[in-house]
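With these hints in hand, go ahead and build the complete structure from the sequences.
Heads up: the sequence lines are chains A and B, in that order.
Going by the numbering used here, the first residue of the first sequence is number 1, and it counts up by one from there.
Going by the numbering used here, the first residue of the second sequence is number 224, and it counts up by one from there.
The reader is advised that the hints may include incorrect statements.
[What the hints assert, rightly or not] Pulled from the structure, derived: some chain A residues nowhere near chain B, Cβ distances all over 10 Å:
1. 14
2. 27
3. 34
4. 41
5. 63
6. 68
7. 70
8. 124
9. 130
10. 143
11. 187
[As the list claims (entries may be wrong)] Coverage of chain A stretches by chain B, computed from C-beta distances (three or more under 8 Å per stretch; other residues unrestricted):
12. 74-88
13. 104-116
Source of the hints: derived by calculation from the structure; they are not laboratory data.
Where a beta carbon is used, it is the ideal one built from N, C-alpha and C, also for glycine.
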Amino acid sequence: MRMLALSVEKLDVRFPGLPVAALDIASLALAAGDHIAVTGPSGSGKTTLMNVLTGMERPSGGRVAWGADELTAMTETQRDRWRAHNVGLVMQEFHLFPGLSALDNVLLPQKLARYSLPAGMKESARSLLARVGIERLDQPIETMSRGQMQRVAVARALVGRPGLIVADEPTASLDAEAGEAVADLLLELSGETGATLLVASHDSRLIDRLGRTLRLENGRLLS
Amino acid sequence: MFSFILADLRRNWIGVSIVLLLVALSTALGVAVTLQERALRLGSARAAAAFDLVVGAAGSETQLVLSSVFLQAAPLPLLKPDVLARLRTDPRVETAIPVGFGDFVGNHPIIGTTREALEALGGIADGETFEHLGDAVVGAQVKWKIGSTFHPVHGSAGQAGEVHADVDYLVVGRMAANGTPWDRAILVPIQSVWNVHSHDEGHQSLGPEEQMPQAHHDADNAHGGHDHDHDHETHRHDEAGHTATPIDDTALLDGRNPGVPAVVVKPRSIADAYNLRQEYRRDATIAVFPGEVLTRLYGTLGDARHVLGIIAVAVQALVAAAILLVIALQVLQRRRQIGALRAFGASRPVVLAIVWLETFAVLAGGVIAGFAIGYGVTKALAHRLGAASGVAMPVEFHSADLWTLAAMFGATVLLTLLPALIAYRQSPAQALRP
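If you want it as structure tokens, here you go:
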């Protein structure tokens, strides 16, 4: 696994038809292995920031680099490949694929990103699923509870041992108990692997457990 | 990737099956039109293969061929007796077989001819050839047993006509199957047909008596074989003296006969064939190669096929357009799923391949199923048509069909690229935006 530190300079994101910048960040630096919460009201630019930092969206201007990888200099194809190898994603709406088992869901991104599964990947998927408390590996995903689904999603985000874990409102669609379990897992597992953890959230219990909080308002960082 | 595609197809199996069915049925329509037309063409050409040259009295060439080769009953003018005699003694002629029709029994036409016809059409499979005026040889598809008897009915098959009650035929043999309408016919000596009709002169037209055909072949099953034959011999002697009379072929040559509607000629060489055709295409006779008439008919058939083919293509185009719309809508609906795939690191080519393979698998499956359905339907149809007409219709794929299949696959490849490209162009951030 590669340790990833973030450096952002003069970031500027504008959407067509909107006079104000959606994101305007003069500079931001994060150390590798940091656990960071990103907060702010809806529409403050949290998701846009996550998209830019994971290379899903290209900013209108500025520079974004994780370690030596400069996202803003990459083509879309290069960013796709970079994301596949370096980022584990957990999303509010899980985005698990019905019809596939828990194990197949965990392995799907690895299968799609590589021609063949690296040796040991299946094993680590199994042990990760055991770790997040999923007992039946072949259980179809659509028969699971929401809490179970998000735990499968956490396992999926971690199986490739990414240097960066990005979670967008990972607990927002779960009840308090399930949310806490997911938060525990995210913190424990990223702590164990030394991955940088970036969580966009409204959940104060989760935010309080992360080391640093970035607060966004109208696309600008308040600190 | 394949497990993902399979899971996706399984999840949407209702929609997938409907699209598959639509593609299959529209393809089957086109395939059936092509195959059926080919079956008709090949079947009729093979049915005519045994008939080199047909000579008849002046009239319609098409009707002459339809009546003599395909046994489509129609009132044909008779040739003068000397034409048959001349043809039979012509050194350029190998065989000249008279063909007389007009009577039937049940749905089977009764054809008056000579023993040479039996050989020309594939020979006897069971029993023996006719030796007496009252003997009959049935075609391969006629279900009667050897030894059964029947009365001929004047008129055309399927209609009630006048029963020649005083004439009795005994089935003595069965022909080998040859895939022509003659499989459904009953062959009797031409001399006996002449006799029947000279007896009946004066009331040739369909009588008002409206009698049903009297085939009492079933009754024979009640009797024991040998006894029955014996009984019958006596019976035949009593009722009509001519039936046990041996066939006398001199009547074919001496001109003492009413004439025949058609003579099937087998010339000794191709040159002879053309000479004879030339010679008998004047005055009161016509001579045709069935092939030339069939070619003319195929022209018409081809036009009909062309029209049906255009309709089939139009149907396919409509179905293709509708399906494309459905698929495009579905891809747009799956926007978030595709966006998620990208977000998790699937590259654009992988997403393109997934969407393309998935839609291509469904459409290509439909095309292949369509070929199978088209083949099955045509086979069933050809079987029914064949049973009704006696013309064996070969349903077969030719190498040209491979090109059709390839062209359809090519079209499918291009069509399914469209939704795949829509998916390719979506950025993951856009796609995931709620």
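Checklist entry - Of the hints given before, which are not true for this structure? => result Per hint list: zero violations.
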